[in-house]
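Asker: In the order they appear, the protein sequences are chains A and B.
1 is the number of the first residue of the first sequence in the UniProt record's numbering; add one for each residue after it.
1 is the number of the first residue of the second sequence in the UniProt record's numbering; add one for each residue after it.
Treat the hints with caution; some may be incorrect.
The calculated SDA-like cross-link candidates involving lysine to any residue, where the alpha carbons are at most 25 Å apart (straight line), are [unchecked claim]:
(1) K415/A / R229/B
(2) K202/B / D506/A
(3) K479/A / H418/A
(4) K59/B / Q421/A
(5) K67/A / L214/B
(6) K255/B / G7/A
(7) K67/A / E71/B
(8) K220/B / H418/A
(9) K427/A / K180/B
(10) K170/A / Q178/B
(11) K415/A / E171/B
(12) K12/A / D283/B
(13) K220/B / Q421/A
(14) K12/A / E71/B
(15) K68/B / N88/A
(16) K457/A / T491/A
(17) K415/A / Q314/B
(18) K427/A / K442/A
(19) K180/B / S299/A
(20) K170/A / E195/B
(21) K415/A / R203/B
For each label pair, taking beta carbons as the anchor points, the in silico distance ranges come out as [claimed, not checked]:
(22) Q110/A / K180/B: 50 to 60 Å
(23) K21/A / R242/B: 18 to 28 Å
(24) E15/B / D321/A: 20 to 30 Å
(25) S299/A / V85/B: 46 to 56 Å
(26) R524/A / E11/B: 53 to 63 Å
According to the in silico footprint, chain B covers these stretches of chain A (three or more CB under 8 Å from chain B) [as the list claims (entries may be wrong)]:
(27) 18 to 28
(28) 422 to 430
FYI, nobody ran anything at the bench for these hints, they're computed from the structure.
Heads up, the beta-carbon is just placed ideally off N, CA and C, and yes, glycines get one too.
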Amino acid sequence: MVARVAGVFDEKLTEAIANSKILVVGAGGIGCEILKNLVLTGFPQIEIIDLDTIDVSNLNRQFLFHKEHVGKSKAQVAKDSALSFNPNVNIIAHHDSVISNDYGVSYFKQFNIVMNALDNRVARNHVNRMCLAANIPLIETGTAGYAGQVELIKKGLTQCYECQPKAPQKTFPGCTIRNTPSEPIHCIVWAKHLFNQLFGEEDPDQDVSPDTADPEAAGEAGASALSSESNTAGNVERKSTRAWAAETNYNPEKLFSKLFGDDIHYLLSMENLWKKRRPPTPLNWNALPGKDDTPTQHSGLPDQRVWSVYECAQVFAASCDALQADLKRRPEGDHLVWDKDEKSAMDFVTACANIRAHIFNIPLKSRFEIKSMAGNIIPAIATANAIVAGLAVLRAQSILRGDIEACSSVYLRPKVNHRGQLFVPEKTLTPPNPKCYVCAPKPEVGLACNLKQLTLKDLTAAFKDGLNMQAPDATVEGKGLVVLSSEPGETDHNNDKTLEEIGLNDGCALLVDDFLQNYEVRVRLQQEDDEKSWRLVTDADAPKLGPKEEEKPTNGSNGANEPKPGPSRSRQDSDSDMEIIEEDEDGTIVKPPKRRRTEMSDEVVELC
Amino acid sequence: MVENNEMELSEAEAEQYDRQIRLWGLESQKRLRASKVLIIGLSGLGAETAKNIILSGVKSVCLLDNEKLKEIDLYSQFLAPPDKVGENRAEASLQRARALNPMVDVTSETKSVDELPDEYFTAFDIVCATGLKQEQLERINNVCRDSNKKFLCGDVWGMYGYMFADLVDHEYSEEIVQHKAVKRGPDDTEKNARETVTITVKRRAIYVPLQNALSADWTKPELRSRLRRGDPSYFVMKILLRFRDEYNRNPDPAKRRTDTEILLRMRDELVKELSLPVGFISDALLTDVFGTVSGAAAVVGGVIGQEVVKAVSQREPPHNNMFFFNPVKCVGFVELYGQ
Ligand SMILES: [Zn+2]
């Protein structure tokens, strides 16, 4: 088929393309562009996977989709549109998650090249492992705004996606969120937690009430606050926020008075907190600032106007009503999922974040800005996606031509560097990190935890969130004792036992494997009395982190730092997983560890 | 050049352009919406450029081409359906171009540029030309320049490509992000309280016309020293433009062998003419210049599209004045010629 017009490529490449089979993972901005290039070039066999449906905000760059396609499967519509460019190629579309038993190692093995056009780290990690296991070259792509990158990953030849520890996702201490916010983002995180407490999936780590276990609040002055109503966990003992709200029938005024009045008064009683900070000002529903303001002329999008506190309260009341009505319509036990594109959900978070910001004397933000922050939106544009996808397909051609050694990473810079370069290739392939806990011949990693406290359930979470496994099985090295089974029911009865109780001790090694990913890693347990949760210990060079993160050399401490797949967490809205590359004076690219992947995070709360 | 940018965006526009407004701001989007763009040459590169510009949300795009859609175009030209081979390329592209963004007014023109009067070109805010001969490019560039209209041109031959820009006297704003430490309260102990402040600076860039850039004097020491960087992309462009002028066509995949010989001979002549180091322009660069490879068209069309957005929105520094994509090294870079 490629020889539609002979002579465009040399014979070797023409032949290689005609016999190739390519998998494209993701049909978003970059995926659409990649698919177009492949189809036009005449790649005869292509499969494309994407679980998403089309949203109107995709249309400025995902050019295979038009307005009439909104709500439909990205993979399917992309296939149909691309076939109109060249009906002679064969495209199979999967409206599905790539993380599924249906796409095992043998599935991956049928392709010559896999091309990633994903928007989240979990899926990228997974495809990385599948390609390592299947020993298939993977071309990994990403863009963020004007910038982008294309990177080849090939087992044994290059570093893999997980060779370098990634900058941990930004987290905020729980006490900052609950007691002492100082930036708009703290209030936004709090507002999203409040949404989940009231309407979403209740998560004990997302408590929104004053945290009396705040170490800063301790001491004599704070003792008055630590009254009989608090329990040892630091949470004010009472009904769940949801139950309380339901009892008041989600009365906006009552909710408001509790959240922005009573709770703030309670915080004020924790006097130690305010010795060096400006204390918050509780609000009264009946005396809200901005009530009598005349609306000023606003230029710009309506969403870019910052609401007054009074307006926020109105929006709070209206969105509470709407969300409660939505919740009531659902079957018992069901819950809402926060979505930045859902009007009431976004209104609610904007209003709550701004009301709280006002209370704590933090600048208020517009709905437009809050949507970016709460929704982790990384701006995406057609041109950067087109460039990155074009480079990716040219790289795929080089691989097929047998020039894989020449396929070093290429970075699209937002502005030219001092040598005038806009696309900057690395001089050579970056070799694998021999200590990588994913692609090393014998992968190994340490797990620091308090064996007396960490339960088997926590351990499972550590393997899933920390090691990005989907269905881990674990046995004790040398003994063959099954600690954890991915078969439902087999080890569940031990879930609440601590590691010590099931006989694991300091220095003991577990062989942990994930059947789907065909990945096994040896995990050494390290007793650390002070570790409240768990933390991975890698031999790889720790990335240079800011002072805040320095205490946590790897993936954070509460086991919740990686975004979890599934509906409860919003996904990033872009094709992004960028590495920002710094160059030294000569324009040589500075290698890791200075190199960092920047990824807008799903915010996560650490325990204090 | 920018007309009425006071009108507010509609809700539909705000929704569709949400992600890019978050990147380049509302003001840029309004300027885009007021701009009229002419795209000459609906090859693969023309189609890629048109796609990017139409998606960005300009006021109007006119597709100009007097050529017929050929089989070879289908390798990279996704706006024209395969069953329209033999029809006019601009007209064949119209339907899909419009479907990309119904908010943009897309039209076509089937006359050759030589038949069109000067005033035709100056009715647009910016002209992007591809597939033309040097003489035609220079004429349109000069016509635009005299009316203070912006001009870009570019080509993709096989995997190789270039772009030239003449934005005449271009004023733009650039955002510079500065970090400063902030304190909240009298004795703030929050260690990470930092604020980023974005300041906007006004800048100006002066451009030269295409004929200056194409007749760069390589005997001058400042250009001679550029040879040390070792990238021959500028000369590859010169050879391919000469080929087009001389043979009235691009290198033809069906004549891959004979055309390669011609290209290598033209290369040797240019090396002699400009006293370039022997072997400076490798054979490898001149063997992948047949047809239009889709990936390369996407890359160069992406760059041209972005430059059009920068030029009409008058935001962020545009490239001054030539961009080259060297597929052998997979490097893309900007150099200034003719000044
Ligand atoms: Zn690795």
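Asker: Decide, hint by hint, whether the structure agrees.
Answerer: Hint-by-hint comparison with the structure:
no.	hint	in the structure
1	K415/A / R229/B	20 Å, holds
2	K202/B / D506/A	62 Å, violated
3	K479/A / H418/A	59 Å, violated
4	K59/B / Q421/A	31 Å, violated
5	K67/A / L214/B	44 Å, violated
6	K255/B / G7/A	8 Å, holds
7	K67/A / E71/B	30 Å, violated
8	K220/B / H418/A	22 Å, holds
9	K427/A / K180/B	36 Å, violated
10	K170/A / Q178/B	21 Å, holds
11	K415/A / E171/B	17 Å, holds
12	K12/A / D283/B	17 Å, holds
13	K220/B / Q421/A	23 Å, holds
14	K12/A / E71/B	22 Å, holds
15	K68/B / N88/A	22 Å, holds
16	K457/A / T491/A	10 Å, holds
17	K415/A / Q314/B	15 Å, holds
18	K427/A / K442/A	29 Å, violated
19	K180/B / S299/A	28 Å, violated
20	K170/A / E195/B	16 Å, holds
21	K415/A / R203/B	15 Å, holds
22	Q110/A / K180/B: 50 to 60 Å	55 Å, holds
23	K21/A / R242/B: 18 to 28 Å	41 Å, violated
24	E15/B / D321/A: 20 to 30 Å	24 Å, holds
25	S299/A / V85/B: 46 to 56 Å	49 Å, holds
26	R524/A / E11/B: 53 to 63 Å	57 Å, holds
27	18 to 28	violated (count 0)
28	422 to 430	holds (count 4)
In this structure, the earlier hints numbered 2, 3, 4, 5, 7, 9, 18, 19, 23 and 27 are contradicted, and the remaining ones agree with it.
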